[in-house]
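Participant: Residues per chain are reported as follows:
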Amino acid sequence: MAETPKSESPSRRSLIGWGGAGLALGAVAAGGAVAMTRVGEDVDPAGADTGAAVAFHGANQAGIATPVQDRLHFAAFDVKTDDRAEFVQMLKDWTAAARRMTGGHAVGDGAYGGLAEAPPDDTGEALGLKPSRLTLTIGFGPSFFEKFGLEDSRPEALVDLPQFPGDNFDKSRTGGDLCVQACADDPQVAVHAIRNLARIGFGKVAIRWSQLGFGKTSSTTPGAQTPRNLMGFKDGTRNIAGTETDRLKKFVWVGEGDVGENSAWMTGGSYLVARRIRMNIETWDRTSLQEQEDVFGRDKGEGAPVGKAKEHDAPFLKAMKPDAHVRLAHPDSNGGVTILRRGYSFTDGTDGLGRLDAGLFFLAYQRDVRKGFIPLQRRLSATDALNEYIQHVGSAVFAVPPGVRDKDDWWGSTLFSKEAKEAKES
Amino acid sequence: MRAVRLPVVTAVATAAALTAVTACTAKSDAKDGDAIQVTAADSKCTTSTKSIPAGQVTLKIENTGSKATEVEILFPDDRIVSEKENIGPGTKYTLTAEVKAGSYEIACRPGMKGHGVRQKLTVTGGSVAKRDPKLDAAVAAYREYAQSEADATIPKVETFVNAIKAGDITAAKNAYAPSRVGWETTEPIAESFGDIDPKTDTRVNDLEKGQKWTGWHALEKALWVDKKVGAEQKALADELLTDLKDWQKRVGKAEITPTSMANGAKELLDEVATGKVTGEEDRYSHTDLSDFKANVDGAEKAYELLKPVAQKNDAALTAELDKQFAAIDTLLDKYRSTSTSDGFVSYDKVTADQRKELSDAVNALAEPLSKLAAAVVK
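Taken in sequence, the protein lines are chains A and B. Under my numbering, think of the first position of the first sequence as 49, with each following residue one higher. Under my numbering, think of the first position of the second sequence as 39, with each following residue one higher.
Since the hints were derived computationally from the structure, they do not count as laboratory data. By construction, the Cβ of each residue, glycine as well, lies at the ideal position given by its N, Cα and C atoms. Mixed in with the good hints there might be a few duds.
[Claimed, not checked] Only pairs whose alpha carbons sit at most 30 Å apart, straight line, appear in this in silico DSS-like list of lysine-lysine:
#1 B:K361 <-> A:K128
#2 B:K138 <-> B:K361
#3 A:K195 <-> B:K138
#4 A:K252 <-> B:K416
[Claimed, not checked] Residues of chain B clear of chain A, computed beta-carbon distances all greater than 10 Å:
#5 E182
#6 K272
#7 S408
[What the hints assert, rightly or not] Partial selection, computed: residues in chain B whose CB lies under 10 Å from chain A:
#8 T297
#9 N301
#10 K361
#11 A365
#12 D398
#13 L403
Input sequences plus hints: build the corresponding full structure.
Facilitator: Spelled out as structure tokens, the structure:
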């Protein structure tokens, strides 16, 4: 796939004329350069301009510590080929396409201007749109390591999630050999990215399930108001911020000493748990305000913890009901366990019974699933008052490899080290 | 059939030499001296000249054989410029046509079938559009395939029609799916005529307001759902046979180009993706898988014929197509059955997971197939 845009297929960015170009260079350290956003050749440290591009290269993949974008298209894939070389080539093709799309360019030779007899490389619906802070993040599920002779490379920390009380999974929304998380401020940019990657992948991978998310439910930007979930509450107030290098290192990024010899490829990566949590919206809406606030342990208006005035005031957990959500999920109740949440609200129409098929598509990144999501969920699934109003209906877990370092690197190169080594030697 | 009909085969750009040619079979007043004498025997076809100037050409045909014959003037890709069918033994006929400069063939088809006996005809004067003989051969071979599929379909449709007319529902059900196979292998050609497909292959939800429901699917519903065949169904059966004979006769005149062949192959996979994988095509009989197989076979035939040219231009693409055609054939073989009339498992017995697997295989094949046209014209 061509790396430079052809003259007849202008990049999305060159089509729109940048008002904000020429911003001062700034630097931010959030586990590498992932949180930096780029406008042309300049860097916008805060990512405040929602049209900007987020750097694709870095020590960690973008889309984790990156300030949370407004929209999500998440896709889980199954591998359809048993040809390792063909799969590695697809990862390289995906990387090339991801590099172009996150930069605001069309895939391959573009969406028009090519041979009239052939379908264009790019599907075209993102033409004229800004890069919209698109990030694309890849992960490998447990079942992936049964393929291509990779059995010995499955990290110990990538465990199959246990069955928790109340789980009621729809098989067609669960699992997957691979995932790609596309986040952007424009939904069309996110959907375009997944659609084009799926197209490049046909014959090698097939989409198993996918999920659209429309409203971020947590923030990784310090000081920002915590967005509300569909229950109308702020949740995840003490999330890890993209600028908190120490907490990211402690709770999110896989460190060198974390992994056994055969899974050193995960250094700089993270583990992702995805859960489709359906909310019983209608019964929740009929619940009294007092009960709603008791269930969360916060007031609905400000989002302040019980007995406090402001959202970000430190909570006094003992003032809350023993089964209040905040009390049970708080790090102080869980020996300090902290995860980075990046979930989105979803509404997939209605369920055929006149009720919204809506809820939270929960996404959490952590250094080790066994020390992150599993102990937390064990506790929540057992006693959380919220369980009366929610049900986990989809689930998946993925090992998210480290970032693509530069223009010659590709997604998964540390896992497919044999191929990466051969490429270097040739 | 598709709800939205695109005249793809005819819409594709055709070499200039193929257009602006008018053909007619009217009697001509041309002098005998300028005419080409064509003597059609049972195994021979002789012509009095091999070269003529561009303009009006007159064929003075005499059938000296023992069987009825058919004489045609053909483009290099076997599309018919002009033809006369059913010239009886011992009879004569004069055929005229307007021809531009280029290479043609005169074909006599004793018994009115098969490849026939051919003679070259060069038409001189003016510029001749450049043609690729390999691609002409591919189109000619594909046209022959389409014709043989149509020819083989008619007796199967007759079996189906006869069973309906005899009121034998079981026999009619058994004959339904086999009667569709030839049509499904070459459906883009049938659709290119525009007027046949709506009469023969329309599904109930595709009917336009005021359109009468005719064709296979109306009969399918009568057999499987209503379980009755009356006067109305018998009339529909006759109509189906008439319409399909019309199709059989017109295959030779279809405009087929290398590009339309390649895109036709892709469209056959589109048919699978939108109609068969979902179980919409044969919603009453659930014989979708034999239609599925026929669509794939037809696409594979077009691909095989274009492959020598495509391989030279894009060897990686043809390698991928070989692999994906083999994969889908292997997958479909898993659904073979000896206990059904069409040789495949009834589609209502195919689970959601299996349908997903079939759909993935269609995507895996159709995506590279969409690049075949470009590899052919490169």
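Participant: So, for every hint listed, does it hold in this structure?
Facilitator: Checked hints:
no.: 1; hint: B:K361 <-> A:K128; verdict: 13 Å, holds
no.: 2; hint: B:K138 <-> B:K361; verdict: 43 Å, violated
no.: 3; hint: A:K195 <-> B:K138; verdict: 61 Å, violated
no.: 4; hint: A:K252 <-> B:K416; verdict: 26 Å, holds
no.: 5; hint: E182; verdict: 24 Å, holds
no.: 6; hint: K272; verdict: 42 Å, holds
no.: 7; hint: S408; verdict: 5 Å, violated
no.: 8; hint: T297; verdict: 5 Å, holds
no.: 9; hint: N301; verdict: 8 Å, holds
no.: 10; hint: K361; verdict: 8 Å, holds
no.: 11; hint: A365; verdict: 9 Å, holds
no.: 12; hint: D398; verdict: 4 Å, holds
no.: 13; hint: L403; verdict: 8 Å, holds
Hint compliance for this structure: hints 2, 3 and 7 are broken, all remaining hints hold.
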